[in-house]
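Asker: Here the protein sequences come in this chain order: A and B.
The first sequence runs 1 to 337 under our numbering.
The second sequence runs 1 to 337 under our numbering.
Careful, some of the hints might be misleading.
To be verified - Not close to chain B: a few residues of chain A, all C-beta gaps over 12 Å, as computed:
no.: 1; residue: Arg15
no.: 2; residue: Ser27
no.: 3; residue: Leu64
no.: 4; residue: Gln68
no.: 5; residue: Leu259
no.: 6; residue: Ser272
no.: 7; residue: Ala299
Said to hold, decoys possible - Derived pair list, reagent style EDC-like, types lysine to aspartate or glutamate, alpha-carbon separation capped at 16 Å:
no.: 8; chain 1: A; residue 1: Lys32; chain 2: B; residue 2: Glu238
no.: 9; chain 1: A; residue 1: Lys70; chain 2: A; residue 2: Glu103
no.: 10; chain 1: B; residue 1: Lys32; chain 2: A; residue 2: Asp101
no.: 11; chain 1: B; residue 1: Lys70; chain 2: B; residue 2: Glu29
no.: 12; chain 1: B; residue 1: Lys70; chain 2: B; residue 2: Glu263
no.: 13; chain 1: A; residue 1: Lys70; chain 2: A; residue 2: Glu326
no.: 14; chain 1: A; residue 1: Lys32; chain 2: B; residue 2: Glu326
no.: 15; chain 1: B; residue 1: Lys70; chain 2: B; residue 2: Asp101
no.: 16; chain 1: A; residue 1: Lys40; chain 2: A; residue 2: Glu263
no.: 17; chain 1: A; residue 1: Lys70; chain 2: A; residue 2: Asp22
no.: 18; chain 1: B; residue 1: Lys40; chain 2: B; residue 2: Glu313
no.: 19; chain 1: B; residue 1: Lys32; chain 2: A; residue 2: Glu313
It is worth saying that the hints were derived from the structure and are not from the lab.
A virtual CB, placed ideally from N, CA and C, is assigned to each residue, including glycine.
Number of protein chains: 2
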Amino acid sequence: LAAAVALGDPRATARACRSVDDGVPGSAELLKALYPATGKAWRLGVTGNPGAGKSTLVDRLIELLRAQGKRVGVVAVDPSSPFGGGAVLGDRVRMQRHFEDPEVFIRSLATRGALGGLSHTALDVARILEAWGASVVLIETVGVGQDELDIMYRADSTLVVVPPGLGDDIQAAKAGILECADVFAVNKADRAGADAVVRELQAMLSLSEVTSLSLGALGGHGTANLHGTAAGSNAASERWTPPVLKCVATTNQGVAEILAALEGHLAWLQSSPEGARRRFERARLELVQRLRDVALSRALIELGEEIDALVSEIQAQRLDPYSAGEALLARLRSQPG
Amino acid sequence: LAAAVALGDPRATARACRSVDDGVPGSAELLKALYPATGKAWRLGVTGNPGAGKSTLVDRLIELLRAQGKRVGVVAVDPSSPFGGGAVLGDRVRMQRHFEDPEVFIRSLATRGALGGLSHTALDVARILEAWGASVVLIETVGVGQDELDIMYRADSTLVVVPPGLGDDIQAAKAGILECADVFAVNKADRAGADAVVRELQAMLSLSEVTSLSLGALGGHGTANLHGTAAGSNAASERWTPPVLKCVATTNQGVAEILAALEGHLAWLQSSPEGARRRFERARLELVQRLRDVALSRALIELGEEIDALVSEIQAQRLDPYSAGEALLARLRSQPG
């Protein structure tokens, strides 16, 4: 199967994605076999709250990347049941036209259960799409919960899409995205409130001691047009300054500038010491989480009955879950696998 | 410290919460000591996207619970940086007046890093607030990402707050919340679009083979008023049917009915075989995740240098992260702790 994926066979690729998403036995072996064919693609994360117009923007970015002659993979992460584990939604309707294109491979993920690690699945599927031949893999998530941030942390570059007119709790939401955004796109910038959002994001960036630049890609909104300045100044800098760009994805205004800013980020990442440090930290995080997950799956296989017995003790208030967890680890270590 | 918390000392309680949130050594011992004082409070989850008016509704629910003479704990989970780990926002301004009330204890959580387990921290803090004396603990989260669903899964009853006028990607968001919601509140029901949202939620509930009831708590919107029917019919049923209720939290309309529906859910949970099964599953999930986390923290302590060495191997493409994770587990088991 790994060989067929590496040859670009779409059916084998779909099957490989499904194996990983379902967590079937042997999927780790498949990923090991594919691993040498990975490590070069640009992983581009796109996130934002519902209603930000994320899918339309992703659609436009695919168009631009295809015009550059690039093979594109898309991993669409849909929140779904933590109980059922199945994909509730099919692949995105809005990307339909790209489904016809043999150089674009789109895969929707079901959310893995609470124990499965959605961010691992997203990363694994991104690797499969890279092995299939994608030189850019877009990873699209909805919302800015902890798990979405976790997925974005696996991307090389992250675009955060923000609509004009921020709601009540958006302050809270922004606290999280500020740290993961490499580029901000204020979408639907032809509507009222776009400049206010730009200013608000810039104020937050300043507060976090990051100087920010406004790239007013659209005229007539009272913001100076400073095309290209962000990428230019960042290239010379130790630290990446997330540019805040306006766009209207539906009419394709400002989208090329957003892609250019993201490409600028990739160039910075590949050339700066800070970029190298980030890549090391990300690889370390992945390894540590793989260890955690493999420990858990061994425990479930080897200690299933003991776990149930301890749950009954906990429910009878004869044992607390903290001591029970420690007892299970001691048991796992006392019978080297 | 555990003794002081159990005596209701607010400063000791705040210190205990901080210890757990920061994950300081010894916090597991503290939780073990407090565990016997827990297990009786009602854990009530409240979630919803930014702009749904969640905080205002929580404020109203606190008011009602206080009028019943109950001691109330509130755990507010704010998304924040996965890197920094600190609380970005202070405690919620809107709950200010309850801060004056010695019978209400409000604690905001910083989001724990990707490895820390936000849902564990939320549950641990809920237990501390119960030990302090709360008979109801409200757990408020923002958004419907995987981690938020995970937190909601730790609650006894979950209220999902939905605004009228659903956005673009809400279909995706709803897929996740459908499975975790015990009661739906369509807030801001004096605005256009509330009935449409009620119908949409009901259609989705029907699709998932759950019969749904519309409790039109507000007159004049063309929905029949069926107060009390949901809790009544659910009490006699094997399966809980999430009622869809309208409210206007700012003017306090329909809020008492929402609390009544949630109380009906608690009564159902405590009396039905399905409720008992759910409690067992939740306890099992907690135990398994505690095991996973304790395995990870032992590995970080005992294998720190080996982990860094393997990351360098992975970055040089001489090793894949899947095999490296397995190697680390084998190492951990070969030196029983």
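Asker: May I ask which of the numbered hints given earlier this structure violates, with the numbers listed in increasing order?
Answerer: Checked against the structure, the hints that fail are numbers 2, 7, 8, 10, 11, 13, 17 and 18, while the rest are satisfied.
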